[in-house]
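Assemble the whole structure, with the sequences as input and the hints as a guide.
Letter by letter, the chains look like this.
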Amino acid sequence: MDLIKPVKKILIYVDGSEECITAAQYAIVLAKNFGAELYAMYVVNESILKELLKANIFIKAEEMDYEHDLVQDGKRYLHYISELAKEKGINTEIKLEKGVVNKVVTDYIKSLDIDLVVLGELEEFTSRSDSFHDETELILRKAQCSVLIVKDPDKVEQIYNSI
Amino acid sequence: MRLSEMLKEDNVLIGFKGTQKKDIINELIELADKSGRIRDKEEALRAVMAREEMMSTGLEHGIAIPHAKTDSVSEIVMALGISKQGIDFESVDGEPSKIFFLLLAPETAATANVKLLAQIARVTSSAEFRSRIVSADSPAEVIDIISNAE
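One line per chain: the protein sequences are A and B, in this order. Here the first sequence is numbered in my numbering, starting from 1 and rising by one per residue. Here the second sequence is numbered in my numbering, starting from 1 and rising by one per residue.
Simulated from the structure, these hints should not be mistaken for lab results. Incorrect hints may appear among the rest.
With a straight-line Cα cutoff of 25 angstroms, these simulated SDA-like cross-link-like pairs (lysine to any residue) come out [said to hold, decoys possible]:
(1) Lys-50/A <-> Lys-8/B
(2) Lys-69/B <-> Asp-65/A
(3) Lys-50/A <-> Glu-107/B
(4) Lys-17/B <-> Glu-141/B
(5) Lys-151/A <-> Ser-4/B
(6) Lys-151/A <-> Asp-115/A
(7) Lys-75/A <-> Thr-108/B
(8) Lys-32/A <-> Lys-95/A
(9) Lys-151/A <-> Arg-2/B
(10) Lys-142/A <-> Ile-94/A
(11) Lys-69/B <-> Ser-47/A
(12) Lys-50/A <-> Thr-108/B
(13) Lys-17/B <-> Ile-82/B
(14) Lys-98/A <-> Cys-145/A
(15) Lys-151/A <-> Lys-54/A
(16) Lys-155/A <-> Met-1/B
(17) Lys-8/B <-> Glu-123/A
(18) Lys-69/B <-> Glu-19/A
(19) Lys-95/A <-> Ile-149/A
(20) Lys-155/A <-> Glu-18/A
(21) Lys-8/B <-> Leu-45/B
(22) Lys-98/A <-> Lys-69/B
(23) Lys-54/A <-> Asp-88/B
(24) Lys-34/B <-> Asp-144/B
(25) Lys-50/A <-> Glu-141/B
(26) Lys-98/A <-> Thr-108/B
(27) Lys-8/B <-> Gly-16/A
(28) Lys-54/A <-> Lys-69/B
(29) Lys-54/A <-> Met-55/B
(30) Lys-69/B <-> Met-64/A
(31) Lys-22/B <-> Ala-61/A
(32) Lys-60/A <-> Arg-51/B
(33) Lys-75/A <-> Ala-118/B
(34) Lys-50/A <-> Arg-122/B
(35) Lys-95/A <-> Tyr-160/A
Okay, the calculated beta carbon distance ranges per label pair [to be verified]:
(36) Asp-2/A <-> Thr-108/B: 46 to 54 angstroms
(37) Lys-17/B <-> Arg-141/A: 43 to 51 angstroms
(38) Glu-90/B <-> Lys-75/A: 33 to 41 angstroms
(39) Gly-18/B <-> Ser-162/A: 51 to 59 angstroms
(40) Lys-22/B <-> Val-71/A: 32 to 40 angstroms
Cβ coordinates follow ideal geometry from the N, Cα and C atoms, glycine included.
Here it is, written out as structure tokens:
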């Protein structure tokens, strides 16, 4: 019987943090080792923008302005990650969307039949409220495929540099 | 990134010298600059005042969150000032503002900037938090209260 390839499609969830870059480096190493396809996704968090507008912290023009900045932020991160992958001979399919982050990401996982989502280390939290708003944690809980949380950036960088 | 990690004791002030909006913002900018990360304080003031001219960042329940995107910083800087008596900051409910969070961010830090603003909105939505922070006697106590609320 042929061995089933354990991981065929890997998705990196890109949230604009340093932790997601570490996650991306590890995902690149895994993609190279497994011969898997690599995907990276950034979602403009429209819920948080609406929350700030509702709280009167943003005015409408500001909400639109920040949305534009988030798109630019997402593009920068996705470009950077695809360059990291390219250095190791891996092609990355990048995707930038807007909406409710965990829903958009989990829908994308389903639509592509992703087998592994790679996330950066979760932020420390102490309250239920933080947990409710942490999109990375929501993806961890809601994704229907296996999820890997990447820790130890120094070790990961060493591994990434070694391939 | 947590608020209590962003704010150092040096960036927290209890009691302002000024009573006018521009003076308060200036004091907050001086406070934020104690981290030595503001390249051009005049530009920072201009950016914050420009945002205030669009609409005051004085919110309900004694909260004010003056903020701006500005090239005068290369990373996000914050300051927190507390006025026990309250100061007229042209708030939406007409009440004096007592808790002032200043946030300055470069354009390239949109994701972190938006997350921090949302965190401020969440912690300040608690009446207990607002009451405790206005009653605090020292910057260390203020940071402790924020840390417990996060």
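Now for the hints, and whether the structure bears them out:
For the proposed pair Lys-50/A and Lys-8/B, the alpha carbon gap of about 29 angstroms is over 25 angstroms, so the pair is violated. Pair hint Lys-69/B plus Asp-65/A holds up; C-alpha atoms about 10 angstroms apart against a cutoff of 25 angstroms. With a CA separation close to 19 angstroms, the supplied pair Lys-50/A and Glu-107/B stays within the 25 angstroms bound. For the hint pairing Lys-17/B with Glu-141/B, the CA-to-CA distance comes to about 21 angstroms; that is within 25 angstroms, so the pair holds.
For a cut-off of 25 angstroms, the pair hint linking Lys-151/A to Ser-4/B stands: about 22 angstroms separates their Cα positions. For the proposed pair Lys-151/A and Asp-115/A, the alpha carbon gap of about 20 angstroms is at most 25 angstroms, so the pair holds. Restraint check for Lys-75/A and Thr-108/B: the C-alpha separation of about 11 angstroms stays at or below 25 angstroms, so the hint holds. For the hint pairing Lys-32/A with Lys-95/A, the CA-to-CA distance comes to about 20 angstroms; that is within 25 angstroms, so the pair holds.
About 19 angstroms separates the Cα atoms of Lys-151/A and Arg-2/B, which keeps this hinted pair within 25 angstroms; it holds. Taking the CA atoms of Lys-142/A and Ile-94/A, the gap is about 21 angstroms. The hint holds against a cut of 25 angstroms. Of the supplied pair hints, the one linking Lys-69/B and Ser-47/A holds, its CA atoms being roughly 20 angstroms apart against a limit of 25 angstroms. Proximity of Lys-50/A to Thr-108/B is assessed by CA-CA distance (about 20 angstroms); at most 25 angstroms being required, the pair is judged to hold.
Of the pairs offered as hints, the one joining Lys-17/B and Ile-82/B holds, with about 11 angstroms between alpha carbons and a cut-off of 25 angstroms not exceeded. A C-alpha spacing of about 22 angstroms is found between Lys-98/A and Cys-145/A, which places the hinted pair at or below 25 angstroms, so the restraint holds. Our distance criterion of 25 angstroms between C-alpha atoms is broken by Lys-151/A and Lys-54/A, whose separation comes to about 35 angstroms. Of the pairs offered as hints, the one joining Lys-155/A and Met-1/B holds, with about 22 angstroms between alpha carbons and a cut-off of 25 angstroms not exceeded.
Using a Cα cut-off of 25 angstroms, the hinted pair Lys-8/B and Glu-123/A holds, with the two alpha carbons roughly 19 angstroms apart. Using a Cα cut-off of 25 angstroms, the hinted pair Lys-69/B and Glu-19/A holds, with the two alpha carbons roughly 24 angstroms apart. For the hint pairing Lys-95/A with Ile-149/A, the CA-to-CA distance comes to about 20 angstroms; that is within 25 angstroms, so the pair holds. A hinted pair counts as satisfied when its Cα atoms are at most 25 angstroms apart, and Lys-155/A with Glu-18/A qualifies at roughly 15 angstroms.
The hinted pair formed by Lys-8/B and Leu-45/B meets the criterion: a straight-line CA distance of about 21 angstroms does not exceed 25 angstroms. A hinted pair counts as satisfied when its Cα atoms are at most 25 angstroms apart, and Lys-98/A with Lys-69/B qualifies at roughly 22 angstroms. Restraint check: the Cα-Cα separation between Lys-54/A and Asp-88/B comes to about 22 angstroms, which is no more than 25 angstroms; the hinted pair holds. Proximity of Lys-34/B to Asp-144/B is assessed by CA-CA distance (about 20 angstroms); at most 25 angstroms being required, the pair is judged to hold.
Among the hinted pairs, Lys-50/A with Glu-141/B is inconsistent with the structure: their alpha-carbon atoms are about 32 angstroms apart, more than 25 angstroms. Using a Cα cut-off of 25 angstroms, the hinted pair Lys-98/A and Thr-108/B holds, with the two alpha carbons roughly 18 angstroms apart. For the given pair, Lys-8/B sits about 24 angstroms from Gly-16/A by alpha-carbon distance, which is consistent with the 25 angstroms threshold. Taking the CA atoms of Lys-54/A and Lys-69/B, the gap is near 20 angstroms; set against the 25 angstroms cutoff, the hint holds.
Distance restraint check for Lys-54/A and Met-55/B: the Cα-Cα separation of roughly 14 angstroms lies within the 25 angstroms cut-off, and the hinted pair is therefore satisfied. The suggested pairing of Lys-69/B with Met-64/A holds, with an alpha-carbon distance near 14 angstroms, which does not exceed 25 angstroms. Note on Lys-22/B and Ala-61/A: the hinted pairing holds, with a Cα-Cα distance of about 23 angstroms set against a maximum of 25 angstroms. Taken as a hint, the Lys-60/A and Arg-51/B pair is honoured in the structure, with Cα atoms around 12 angstroms apart against an allowance of 25 angstroms.
Straight-line distance between C-alpha atoms of Lys-75/A and Ala-118/B comes to about 22 angstroms, which keeps the hinted pair within the 25 angstroms bound. For the hint linking Lys-50/A to Arg-122/B, the alpha-carbon distance of about 13 angstroms falls within 25 angstroms, and the restraint holds. Annotation: proposed proximity of Lys-95/A to Tyr-160/A holds, straight-line Cα distance about 23 angstroms (limit 25 angstroms). At about 48 angstroms, the beta-carbon gap between Asp-2/A and Thr-108/B stays in the expected band of 46 to 54 angstroms.
Between Lys-17/B and Arg-141/A the CB atoms are about 49 angstroms apart, so this pair conforms to the stated range of 43 to 51 angstroms. Separation of Glu-90/B from Lys-75/A is about 37 angstroms and conforms to the stated range, judged on CB atoms against 33 to 41 angstroms. Distance hint check: the CB atoms of Gly-18/B and Ser-162/A are about 57 angstroms apart, consistent with the given range 51 to 59 angstroms. Checking the proposed 32 to 40 angstroms range against Lys-22/B and Val-71/A shows it holds: the Cβ atoms sit about 33 angstroms from each other.
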